[in-house]
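> Since chain L is already given, all that's left is putting chain B on it; use the hints.
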Amino acid sequence: GAGVSQSPSNKVTEKGKDVELRCDPISGHTALYWYRQSLGQGLEFLIYFQGNSAPDKSGLPSDRFSAERTGGSVSTLTIQRTQQEDSAVYLCASSSASGGPETQYFGPGTRLLVL
Amino acid sequence: AQSVSQHNHHVILSEAASLELGCNYSYGGTVNLFWYVQYPGQHLQLLLKYFSGDPLVKGIKGFEAEFIKSKFSFNLRKPSVQWSDTAEYFCAVNARTNAGKSTFGDGTTLTVKP
Numbered sequence: 001g002a003g004v005s006q007s008p009s010n011k012v013t014e015k016g017k018d019v020e021l022r023c024d025p026i027s028g029h030t031a032l033y034w035y036r037q038s039l040g041q042g043l044e045f046l047i048y049f050q051g052n053s054a055p056d057k058s059g060l061p062s063d064r065f066s067a068e069r070t071g072g073s074v075s076t077l078t079i080q081r082t083q084q085e086d087s088a089v090y091l092c093a094s095s096s097a098s099g100g101p102e103t104q105y106f107g108p109g110t111r112l113l114v115l
Numbered sequence: 001a002q003s004v005s006q007h008n009h010h011v012i013l014s015e016a017a018s019l020e021l022g023c024n025y026s027y028g029g030t031v032n033l034f035w036y037v038q039y040p041g042q043h044l045q046l047l048l049k050y051f052s053g054d055p056l057v058k059g060i061k062g063f064e065a066e067f068i069k070s071k072f073s074f075n076l077r078k079p080s081v082q083w084s085d086t087a088e089y090f091c092a093v094n095a096r097t098n099a100g101k102s103t104f105g106d107g108t109t110l111t112v113k114p
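If you're matching them up, the sequences are chains L and B in order.
Its first residue numbered 1, the first sequence is counted upward by one per residue in the numbering used here.
Its first residue numbered 1, the second sequence is counted upward by one per residue in the numbering used here.
Please keep in mind that the hints were generated in silico from the structure rather than gathered at the bench.
Remember, predicted model here, so these are calculated numbers, not experimental data.
Even for Gly, the Cβ is constructed at its ideal location relative to N, Cα and C.
Heads up, a few of these hints could be off.
Said to hold, decoys possible - Covered, in the sense of this in silico footprint (three residues per stretch, anywhere, with C-beta under 8 Å from a C-beta of chain B), are these stretches of chain L:
1) 36–42
2) 45–52
3) 67–78
What the hints assert, rightly or not - Taking beta-carbon pairs under 8 Å as the criterion, some of the chain L residues facing chain B (in silico):
4) Gly28
5) Ala31
6) Pro101
7) Thr103
8) Phe106
9) Gly107
In isolation and in its complexed conformation, chain L is listed as follows (with noise of 0.2 Å):
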């Protein structure tokens, strides 16, 4: 079946303006999580939807960045007034249940680059 999509691959912004970055978990899968991997670093947690409970929003660096899940579903990552420091690869995992010792599926991440 199809796995975690993410899109766009890639985005070059400008300093200043707002971005949205979108990922599409694999069907039926009710966890989802958005990370930020700087260069040569490891995955910083961002957020974690599950279900329909509250988000733990608590890895979100700032107030300029928010996410949603529409649905159950796709979700997206929204990232204000954006930094040069906010440049990153993006990761998006979707799993099937709550965390735990359930495997998370990362899609290709989208490649964000703030001029």
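Just chain B now, with coordinates in the frame of chain L:
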């Protein structure tokens, strides 16, 4: 707060050499532990995971990892590496009480010379 430390940033081995990648975590409670791998040009994918039972877990492609609770470690091993094992390897942990929030290490790049 939980944290993960991977000791080696870049490992270079010849084919047939044995591999051990270190991973230590910091968290006082019960955890789930993972190794993920990213082959060149591919997505991150699960290599193996531990959440209970036998602390020696086996994954795909001949990899295994041992959970040593007293050392807060979850080292990855393979007795004989192949050129196709060239990839970046990430150790990750999440706490049973907050299982949606995983913490990843910075990754280890493995280069296997043919």
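> Each hint needs a verdict: does it hold in this structure or not?
Tested hints:
Look at the segment 36–42 of chain L against chain B: 3 of its residues bring a Cβ nearer than 8 Å to a Cβ of that chain, three or more, so the hint holds. Coverage of a stretch by a chain is defined here by at least three residues with a beta carbon nearer than 8 Å to that chain's beta carbons; for the segment 45–52 of chain L and chain B the count is 3, and the condition holds. With 0 residues having a Cβ less than 8 Å from any Cβ of chain B, the segment 67–78 of chain L misses the three-residue criterion, and the hint is violated. Taken as an interface hint, glycine 28 of chain L does not check out: its beta carbon lies about 17 Å from the nearest beta carbon of chain B, beyond 8 Å.
At about 7 Å, the closest approach between the beta carbon of alanine 31 of chain L and any beta carbon in chain B falls short of 8 Å, and the interface hint on this residue holds. Hint on proline 101 of chain L holds. Least Cβ distance to chain B is approximately 4 Å, under the 8 Å limit. The criterion of a C-beta within 8 Å of any C-beta in chain B is met by threonine 103 of chain L, whose closest approach is roughly 5 Å, and the hint holds. The beta carbon of phenylalanine 106 of chain L comes within 4 Å of a beta carbon in chain B, closer than 8 Å, and the hint placing it at the interface holds.
Taking 8 Å as the C-beta cut-off, the interface hint given for glycine 107 of chain L holds, the closest approach to chain B being about 7 Å.
Checked against the numbered hints above, the structure breaks hints 3, 4 and satisfies the rest.
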